[in-house]
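J.: Put chains B and C on the given structure of chain A with help from the hints.
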Amino acid sequence: MAWLVSWFFHAPDTVAATAGPPISKQTQECLNCHSQFHPGLVQDWMHSLHSQVTPAQALNKKPRERRVSTETFPEGLKDVVVGCFECHSLNATNHADNFDHFDFHINVGVSPPDCQVCHPAEVQEYSGSKKAHALGNLQKNPVFHTMVDSITSVAEIKDGKLIPVGASDQTKNDTCFGCHGSRVEVVGTRTLSTDLGDVVVPKLTNWPNQGVGRVNPDGSRGACTACHPRHEFSIEVARKPFTCSQCHMGPDVPAWEVFEESKHGNLFHSKERDWNWDHVPWRVGQDFRAPTCAVCHCSLLTSPEGDLVAPRTHDFGARLWVRLFGLPYTHPQPKSGDTSIIRNRDGLPLPTAFTGEPASEFLIDAKEQARRQGVMKGLCRSCHNRDWVDGHFDKLDHTIRETDRMTRAATELMQIAWDRGLADKSNPFDEPIERRWMKQWLFYANSIRLGSAMGGPDQTSFQTGWFDLTTHLREMQEWIDSRPKSQRP
Amino acid sequence: MAWLVSWFFHAPDTVAATAGPPISKQTQECLNCHSQFHPGLVQDWMHSLHSQVTPAQALNKKPRERRVSTETFPEGLKDVVVGCFECHSLNATNHADNFDHFDFHINVGVSPPDCQVCHPAEVQEYSGSKKAHALGNLQKNPVFHTMVDSITSVAEIKDGKLIPVGASDQTKNDTCFGCHGSRVEVVGTRTLSTDLGDVVVPKLTNWPNQGVGRVNPDGSRGACTACHPRHEFSIEVARKPFTCSQCHMGPDVPAWEVFEESKHGNLFHSKERDWNWDHVPWRVGQDFRAPTCAVCHCSLLTSPEGDLVAPRTHDFGARLWVRLFGLPYTHPQPKSGDTSIIRNRDGLPLPTAFTGEPASEFLIDAKEQARRQGVMKGLCRSCHNRDWVDGHFDKLDHTIRETDRMTRAATELMQIAWDRGLADKSNPFDEPIERRWMKQWLFYANSIRLGSAMGGPDQTSFQTGWFDLTTHLREMQEWIDSRPKSQRP
Amino acid sequence: MAWLVSWFFHAPDTVAATAGPPISKQTQECLNCHSQFHPGLVQDWMHSLHSQVTPAQALNKKPRERRVSTETFPEGLKDVVVGCFECHSLNATNHADNFDHFDFHINVGVSPPDCQVCHPAEVQEYSGSKKAHALGNLQKNPVFHTMVDSITSVAEIKDGKLIPVGASDQTKNDTCFGCHGSRVEVVGTRTLSTDLGDVVVPKLTNWPNQGVGRVNPDGSRGACTACHPRHEFSIEVARKPFTCSQCHMGPDVPAWEVFEESKHGNLFHSKERDWNWDHVPWRVGQDFRAPTCAVCHCSLLTSPEGDLVAPRTHDFGARLWVRLFGLPYTHPQPKSGDTSIIRNRDGLPLPTAFTGEPASEFLIDAKEQARRQGVMKGLCRSCHNRDWVDGHFDKLDHTIRETDRMTRAATELMQIAWDRGLADKSNPFDEPIERRWMKQWLFYANSIRLGSAMGGPDQTSFQTGWFDLTTHLREMQEWIDSRPKSQRP
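Protein chains in written order, with the working numbering: chain A, 1 to 489; chain B, 490 to 978; chain C, 979 to 1467.
One chain only, chain A, in its complex shape (with noise of 0.2 Å):
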């Protein structure tokens, strides 16, 4: 990125100055304004490579070096770099988000299918993925929508007892759908005075939002700012792990945590300063000398000698072939991005029933799970010999059957409790032996299952792995014992 700096190093910091790359006349109108008004958002798009090549000249690349996946771009598009109009204009008859400002037609909001006029591999692989679907998979299959709700439910005491009364949108969009993606629709205009007369916009509900799941005012799904954040639309900050710790971070899903105690991870923080964050294709060895998150689930990876190492995918379940989160029992990858289509044995929209038996029809077989651990395996042997991820692998799948043994147990008790009138099943997430049986797999097999899959010791033992399991396991035996057997709640 040296050229790049150097650019802006000589270049003076305002936008009127700027100089060289091509500006349409539209988006010079934008930066006239915003970057006044905003100037920190138009900096951001300074700094990126949008603001510094055209699309012509992105196509002059070698295919492998390419950061666009189209070889034809509507006309008008090619010759100028990518700004504001460029962008906040396409295909303004499917955005419900489309106004009048100023005389020029802009969304609110750029949609994958924006993006996909330059990008089109990126979003069709996106598009079929869970991350593209995690809205509708909470919303839409009641048994998550049951606990997305129980979870943030205000309760109050009437008569000295507590009563829920229910979970708000508001609510959920700050903490589930924060990444989960919110539902953003146009519900008719606002008015706004400015310095320059009276502005009015679309209405937006359940806005801002960036989670990966997002449903846009043009009906499409995801949110492709999640990870390419803000208006700079870095690789590098796509390709650092921060970015995917925004949401796989906490006890429910402690990937970040794992990262951060690994040999990986230490080796990421101590020397990534010294790394190639920017070059593509991204070089094992060369570029980087160990695995981020984007590595080992999503970018485009040669040899320093430009042997592929794997193709890029934006479905970052692409290299997966076990589910290890989210739910009480591993089990295959879906075969489908919308897991709200499944159904158990039991008839739920679940990937396995409550004793743990798969739905198989609805996941991939042992055939494509053997691929796709085949590739990742082969990621692995970048740097690791045969021996060592063998061994590797197979502690995991050790791992994945122990922590499916011991959900397995507390969903046994939990059997108990319910049986014995201790709980009351018709909402399975509400009640607190019912919290202690969701953390058994929701926190701390999921943790131990992760710690093992990216070598995070501490993560597997105290931090809400083993010692939390074992522990909470004999805690719900022995709340069960404590209780009459005929007690009802």
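Accuracy of the hints is not assured; some may be wrong.
Capping the alpha-carbon separation at 25 Å, the derived lysine-lysine pairs in DSS-like fashion look like this [what the hints assert, rightly or not]:
1. B/629 / B/824
2. C/1139 / A/425
3. A/203 / B/752
4. C/1118 / C/1313
5. A/263 / A/377
6. B/551 / B/567
7. C/1181 / A/263
8. B/692 / C/1241
9. B/752 / C/1139
10. A/61 / A/78
11. A/271 / C/1241
12. C/1403 / B/650
13. B/914 / A/161
14. B/914 / A/158
15. B/866 / A/203
16. C/1139 / C/1403
17. A/25 / A/78
18. C/1355 / C/1241
19. C/1136 / A/425
20. B/760 / C/1181
21. B/866 / B/856
22. A/367 / A/377
23. B/629 / B/914
24. C/1403 / B/647
Calculated from the structure, these hints are not laboratory results.
T.: Then chains B and C, alone, in the frame of chain A:
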């Protein structure tokens, strides 16, 4: 800072060879010994601007680029760099910690009134803030005093029963007062035998301490080194969130944890090495492209073109309209940094009543709240449009209301426990059920509010968030229900 | 390291084109294949000093600047760089993991006796340390062995009751032995089919593992790669706290969490990119301006002028006088790194009795304690004056006393529970009340002591600190009081 790095690169690294910036004779004498005895300390100073720039030179900058806020300096200070003697000899008559040290009269500590000689605006702002009163706000308030003592009290077993035997000054200094500050007083002298013979020095209580509200031997309040650590006095360090995180972390105030998982934190961690951490004023978008704590709460900000975005303040509450953490209920910011003067409806030194009503006469009014929120929104609008900003703050307002309702519910349950004699209200902070109640507001509600304010979806959900808030509220009820109604503790 | 960076910048990135440093014929043959099969591994090595410097060149440095601690090298090693064959062929007769690999006799692993060829002082220091004995200290001690098994045991439900069914080697490798090390033994061979035909390799138990006390196929103890990871062997990595944090984190030993929130951690995070991570010796104030783990516990330190501050040690307990974590009570450091030989007053292999009295004959005496504390204080005084340092250590001594009293109180409550038959002492680590007792010392008291030792006020307060220590002690009492006195489990 290239010139400084360059200077040190070419300069020999030992003090003896230092040339260039004029050093006072007294400071040179200090350096002659202390560069041998405390090489790390002296090197720290050598990397500071204090060792490079005289006050006269500092004044040569344009007003907005200055780091000094006075235009007049005492005789003798103006044309030498700011060395050991310049700081450690000021206001000697006020300093109970002044002592004769090889014929120099030296203060052990440097306190805000000393820093005030060159930085009067900063000291004045700080002196009225909650930070400056952080020790008294705990110690002079019997409610908080009881809380501190209960949390840190040693216990022993006598006749099979736990007996609290009191909290020590040293443990308080290690815990609460580690951030809030300790009272440093001179209580005699001690004699140290050194290579240069016996040295008699003041004996200080509760030392060392760098808490923000430290009471110094000159009677002043505050420790500038809390945020401008050691002798490098680096603006870079103060601007980075690691400084604030020293205290603003953990379950009681997880501001750091929220920042880390936020989009802002991602951008900071991913890109900070490319930003300019030293420029004054700090230019939005040009010097940095995502806010740190200092951006929102302290720094002088301008646009790249020099338009003022926000003036500098060292009262870190000056841009805040509502107080989100540390107390059961949210409430408007207090008018005075000394919150021990507040009296609520029930006569207690708390900003709200037990049921949430604010002690309004001690708190800023709605107009001042709106003004301050306007300042903060103005900051946000450097990068975000008004829709985004308004939506974000609406969500925060909603979170405030919901978490206050949840605190109200927990408090009503607590009251039931007290009323039934299941716990003893005379100390409301020492029994297990009372600790559960505390965690509802001190940990979970705080965490959710900070997560909502700064965009940390995990901290609002599973990491001391709504999951805990709703789980433990039910557990409070379960505990109460499982006790005989007439039991007395 | 500028010369190294420069070398690589101008050099082509593939092995084939490497020129300059003399590479042995054998290593060149290794590289010819492995640069294709393991490009990341080979690139890692290419970024190491091992690939750049011959032992003869390493000896040309002044003694204090050397990274090798021998002056004599075996024939043939002195004038080639330290490549694949040089390390993986050493001491072949001792290596049960030696195998015939395309006519080379290669050891799968490199063990301390191999590293000892060039680094004898380091290996000797390490070999006597607790780290080298970390596996045996768990496995050969029946108390700790029981603890490990209890924490990691799978359980099943039979007839409505939880039945522990035992802990597996693989889960222990994933948890406790992930840091402590596993026993790696050769148990036959396995045949891998590769592009170059079948390859027969040794079959290893408990592999991969990089725990500090790993027992290797040559019978030696330790894994240098635990802290000098992979093939870059970077002193920068070992000096950064991310390396130590791989194990010294989490509720049982939150050294990393404390460092992060300490002033030292703040300075490290804020300024580390400006520091010199490669210079030997490491110059206080010039190369770094706040300590990392390595500064206090390992590195050779001098002043900028070359005065010795502390000699290098690879026995990481050598500068420690008291043991703060891992056991119920603090106690003087053990004389031997093999702590399984200790017997307390009651004949148990623990360094204190159940009531806290030390097993003095196995522990260093007061004089040695004072000597070691003197070394550590000397380090601190590079930057802090004596008042500061003495005050800090007095506070730590006080913390040690108070937390030991709190452990004593918890242990007495535990004894009451055992005496009343509320829990079964035959395994003191498996029941919920026993886990509560464990957390009192293993989590909370440890956390407080580490926070006190290194200045982490949150880790002493609300983050597994005094808040938890006093809350859960009361909860232990509440639990006991709520049980019928004659109950047997």
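J.: Against each hint, give a clear statement of whether it holds in the structure.
T.: Quick rundown of the hints versus the structure:
1. B/629 / B/824: 17 Å, holds
2. C/1139 / A/425: Holds. Residue 1139 of chain C to residue 425 of chain A sits at ~21 Å (cutoff 25 Å).
3. A/203 / B/752: Holds, because 24 Å separates the two Cα atoms, which is no more than 25 Å.
4. C/1118 / C/1313: 17 Å, holds
5. A/263 / A/377: Holds, because 17 Å separates the two Cα atoms, which is no more than 25 Å.
6. B/551 / B/567: 17 Å, holds
7. C/1181 / A/263: Holds: residue 1181 of chain C and residue 263 of chain A sit about 24 Å apart, inside 25 Å.
8. B/692 / C/1241: Given pair residue 692 of chain B, residue 1241 of chain C holds - Cα atoms ~24 Å apart, limit 25 Å.
9. B/752 / C/1139: Answer violated: residue 752 of chain B to residue 1139 of chain C is near 47 Å, above 25 Å.
10. A/61 / A/78: Holds, at roughly 15 Å.
11. A/271 / C/1241: 23 Å, holds
12. C/1403 / B/650: Answer holds: residue 1403 of chain C to residue 650 of chain B is near 21 Å, not above 25 Å.
13. B/914 / A/161: 21 Å, holds
14. B/914 / A/158: Distance of about 22 Å is within 25 Å: holds.
15. B/866 / A/203: 19 Å, holds
16. C/1139 / C/1403: 20 Å, holds
17. A/25 / A/78: 14 Å, holds
18. C/1355 / C/1241: Roughly 17 Å separates the two Cα atoms, so the pair holds.
19. C/1136 / A/425: Holds, at roughly 22 Å.
20. B/760 / C/1181: The given pair, whose Cα atoms are some 45 Å apart, is violated under the 25 Å limit.
21. B/866 / B/856: Measuring from Cα to Cα gives roughly 15 Å; hence the hint holds.
22. A/367 / A/377: Roughly 15 Å between the alpha carbons, so the hint for residue 367 of chain A and residue 377 of chain A holds.
23. B/629 / B/914: 20 Å, holds
24. C/1403 / B/647: 22 Å, holds
Going down the numbered hints, you'll see the structure goes against 9, 20, while the others check out.
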